[in-house]
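Please take these sequences and the hints and turn them into a complete structure.
Chain residues, written in single-letter form:
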Amino acid sequence: MKNRSLKKAITLLVLLLFSISLIAGCGTRQATQDDEALQIYAAYGNTANILEAFTAATGIKAEFIDMSSGEVLSRMRAEKGKALGDVWFGGGVDSFMVAAEEDLLHPYISPESEFIDDRLKDPNGYWTGVSIVLVTFVVNKDLAETKGVPIPQTWEELIDPQYKDEILMPNPGISGTAFTAIASILQRMGEEDGWAFIEKLDANMPYYAERGNEPPQKASMGEIMIGISPDGINSQREGYPVEVIYPQDGTAWWHSPVAIIAGTDKLEKAQAFVDWTLTPEGQEILAFESPRPAVRPGVTVPDDVERLENLNLVEYDFALAAQERDRIVEQWNQRFGN
Amino acid sequence: MESKIRKLKNKVQDNLFTGMALAVPVIFVVFIIYPVMKIIGAGFFDGTSFTLAHATPLLEERGIRVLLNTARVSLLSTVGATILGIILAIGVVKGRWPGRRLFTFAAILHIISPPFIAAVVFIMLFGRRGFITHTLLGLDTSFIGWQAIVFLQILGNASIAFLVIASVLRRIDPNLEKSALDLGASRLRVFFTVTLPLMIPGILAAVVLVFANIIADFGTPILVGGGFRVLASEAYLQVLSLYNMPYASVLSILLALPCLLVLFMEKNILSDRNFYSTRLTQEEDAADQRPAFNLITLALVYVICIIYALLTLTQFSVIAIGAFTTTWGHDFSFSMRHIDIVLNQGAGSIKNSLTFAIQVALIGPFIGIVAAYYVSLKEGLYRRTLDFVAILPFAIPGPVIGISYVLAFHNPPLILTGTGLIIVLVCIIRELPISYNAGKAVFRQVAYNLEDASKDLGAGRFMTFFRVVFPLMTPAYKVGMLHAFIHTMTTIGAVIFLVTPKNKLLTFEIFSATNSGYLGLGAAFSFVLIILTLVGILVLSMLGEIPGFLKRFRKDVLVGSKRTKPEQEL
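Protein sequence lines, in the order shown, are assigned to chains B and E. When you line the first sequence up against this note's numbering, it's residues 779 to 1116, in that order. When you line the second sequence up against this note's numbering, it's residues 1071 to 1640, in that order.
Calculated directly from the structure, the hints in this document are not laboratory data. Cβ coordinates follow ideal geometry from the N, Cα and C atoms, glycine included. Be aware that one or more of the hints could be misleading.
[Unchecked claim] The calculated lysine-lysine pairs, modelled on DSS-like cross-linking and capped at a C-alpha distance of 27 angstroms, are:
1. B:Lys942 to B:Lys919
2. E:Lys1572 to B:Lys1044
3. E:Lys1077 to B:Lys1047
4. E:Lys1448 to E:Lys1077
5. B:Lys1044 to B:Lys858
6. E:Lys1572 to E:Lys1421
7. B:Lys978 to B:Lys919
8. B:Lys858 to E:Lys1108
9. E:Lys1572 to B:Lys860
10. E:Lys1421 to B:Lys1047
11. E:Lys1421 to B:Lys839
12. E:Lys1572 to B:Lys839
13. B:Lys858 to B:Lys839
14. B:Lys860 to E:Lys1108
15. B:Lys858 to E:Lys1079
16. B:Lys925 to B:Lys839
17. B:Lys942 to B:Lys925
18. B:Lys942 to B:Lys978
19. B:Lys1044 to B:Lys860
20. B:Lys860 to B:Lys1047
21. B:Lys1044 to B:Lys839
22. E:Lys1448 to E:Lys1081
23. B:Lys1047 to B:Lys858
24. E:Lys1421 to B:Lys1044
25. B:Lys839 to B:Lys1047
26. B:Lys860 to B:Lys839
27. E:Lys1079 to E:Lys1448
[Unchecked claim] Derived coverage of chain B by chain E (criterion: at least 3 residues anywhere in the stretch with Cβ under 8 angstroms from a Cβ of chain E; other residues may be distant):
28. 852-860
29. 1006-1013
Below you can see the structure in the form of structure tokens.
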């Protein structure tokens, strides 16, 4: 008898464990449906702190996940018809352009966007730029000192043989930073000279990184001397011995936008978020948490963010670059791909 | 009256068992075959017509290079990791050195540090400014290239091989070896003619596991490969950067082929031989103190074990240092700033990771073992098909299975995207082959006549399963449960497309922190993840002891009372 009740006990235990986990599973699901927090796909820096400030200012709860622009785009395409995210915050403007073309975005012209330069926003309101991203050299000072080489200040200096195997850039097919850098060189120098220059640059690269964040990371850890990346200030703030160089012969740049994802069921909250990121307060917090120049004039930015007027920004035709993207990447891959 | 109730109960139990038997094929079809069909559809079909257009890039020079790279790295790493796993297993199971039980724990510690953090740690140790290579030895080396991939793969996967092989090795009857020794065979001869053959099911299971794991891993090649491309990283990047699902699907299908080949090899080798061992208990046989090998071999094995344990310890220490210092690898002053962020902003992720991991750990192995048992009862083509399907999730790289789940479960009839359930499901399916294989490996060693005996004595199928088969499966369940828990805690590839802001996971936090250059924060998240995983493993291990405890309890307390009234049981 006892033996049988023991058997029962085991069976019961198994069933109990099952039901617990099932109930727990349903609980999670229930919460997803009830909770009204804004769901944000972010390709930005320090989004957690930015959203805390947003919630404090507006009372709207928001949750986010970090992804690269490519990931966001892949996801939105896979989720087409039933969006799981409400807002796409930050990333490469070319990805936003593609998304707008594929009807993945919900147009919205924020009342705040009248203060933003026309070049930095989509005329139909599919996306609005929130900050300027600058393509810089992230240079490990210790390594440069040990090797006894000067810290390069221009693209032209980068092709010097003394930097052989010391420069890391991502594959432009993968990274918006690298693509903007390459396309800027081509627009600045013209096709023929541009490709010739890229070829010389290629001679100094040991390989091409497969993630946009590998170059600044490797430069921080002293694995490589120079990383091409917009994120050097973060590494600097973290305490790594890196210097951020804005190339004097042409600093490539783009604007990192915000957009509402088509099919959202929290349109008003999503619009509130877009509005907030463009207000002076929002702009200030954005510039502070993720150290980049603001798009709205007259906003106070932290000291370690370079003033745009001090920089030699490349005259960059975004529409042209977007048109030519496939050709450029293809041509690059043929000649330099890993 | 009594017999009527018993009949009814048997009937209920039989129906329950039939239910489980039905559930297995249904789960296979809905959560494995259906998403896989979606991938194949994407890779080789334009609408409804078959096409090979998406496969042509592979025939170009770059495609061929990727194939060769994949072959080189995966073969070398698999051989290395398996051999290291065998050595570690022998050292721990056959050795008598102090602290060898702790070693199992060290091996687990090794698996649970997330791959991208392991790569960062090893760059800090062996890289150009690495602590060991540069600061201590003054070298100017670089921890980049295919050798670095192989090194990390061997280290990481040896733990997996070790766990699988050790669990099989523990069940080998030492009397067989003892007899051989008594009959005058040399130790070496005993090892190669008795021990090693008995280990083969475990070794092969480990090879399948490790090989599939390595060939599907995209993180390590991307992090330390330095532009060295393999199929998995290529597929990942195709999905990520280009959303080229057709080409990525072709690559995934290609990744599946060698895995299937290894699988068939495993089967064919095993089908020719019988692996019998009638030993059912795991009780240590303390009487025999004779070492299994001569001293030099043993010393070598121990040295390897110790180096491995040291590496593990170093890896963990470096992560711990990173979590509690101002700037990881640069400024070593004590700081709680990273941990503070983890405990505040990361609280939701911690909760999600734990919840999902516990669910997967409890349900996953159950399904895997039930499936293994169910499949073992079947014959012929049906059995081979089920067997193939159960292992299939191995062969599909994480991100691709993630995307396939989005494609399969985003629209009616079954909408699961955006829920936590889909994450749990994808982890269960990803872990299915492990508990399934572990179950199968144990099955092979156990004589089937035990089960027949139970049936002959009048036990129902359900009762036989729970009373005879399931207890035998305890080691497999333990392996499966631990793996399921660890995998869910540390996985990123499979869930990267399924995670929503609501369902953020710890690995995701590590990934994005490290990705954005907040290495210290990444280390802090990893530290918390490792600690939580360790605690989870401890708790689950205790759960795994329950059947053994119940058995002893029954033996000690109940057998006596049974003897007094034997007719009641009959």
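Each hint tested on the structure:
no.: 1; hint: B:Lys942 to B:Lys919; verdict: holds, 16 angstroms
no.: 2; hint: E:Lys1572 to B:Lys1044; verdict: holds, 15 angstroms
no.: 3; hint: E:Lys1077 to B:Lys1047; verdict: violated, 62 angstroms
no.: 4; hint: E:Lys1448 to E:Lys1077; verdict: holds, 26 angstroms
no.: 5; hint: B:Lys1044 to B:Lys858; verdict: holds, 16 angstroms
no.: 6; hint: E:Lys1572 to E:Lys1421; verdict: holds, 11 angstroms
no.: 7; hint: B:Lys978 to B:Lys919; verdict: holds, 24 angstroms
no.: 8; hint: B:Lys858 to E:Lys1108; verdict: holds, 16 angstroms
no.: 9; hint: E:Lys1572 to B:Lys860; verdict: holds, 16 angstroms
no.: 10; hint: E:Lys1421 to B:Lys1047; verdict: holds, 26 angstroms
no.: 11; hint: E:Lys1421 to B:Lys839; verdict: holds, 18 angstroms
no.: 12; hint: E:Lys1572 to B:Lys839; verdict: holds, 11 angstroms
no.: 13; hint: B:Lys858 to B:Lys839; verdict: holds, 24 angstroms
no.: 14; hint: B:Lys860 to E:Lys1108; verdict: holds, 18 angstroms
no.: 15; hint: B:Lys858 to E:Lys1079; verdict: violated, 50 angstroms
no.: 16; hint: B:Lys925 to B:Lys839; verdict: violated, 50 angstroms
no.: 17; hint: B:Lys942 to B:Lys925; verdict: holds, 12 angstroms
no.: 18; hint: B:Lys942 to B:Lys978; verdict: holds, 10 angstroms
no.: 19; hint: B:Lys1044 to B:Lys860; verdict: holds, 13 angstroms
no.: 20; hint: B:Lys860 to B:Lys1047; verdict: holds, 18 angstroms
no.: 21; hint: B:Lys1044 to B:Lys839; verdict: holds, 12 angstroms
no.: 22; hint: E:Lys1448 to E:Lys1081; verdict: holds, 21 angstroms
no.: 23; hint: B:Lys1047 to B:Lys858; verdict: holds, 20 angstroms
no.: 24; hint: E:Lys1421 to B:Lys1044; verdict: holds, 25 angstroms
no.: 25; hint: B:Lys839 to B:Lys1047; verdict: holds, 9 angstroms
no.: 26; hint: B:Lys860 to B:Lys839; verdict: holds, 21 angstroms
no.: 27; hint: E:Lys1079 to E:Lys1448; verdict: holds, 25 angstroms
no.: 28; hint: 852-860; verdict: holds (count 7)
no.: 29; hint: 1006-1013; verdict: holds (count 3)
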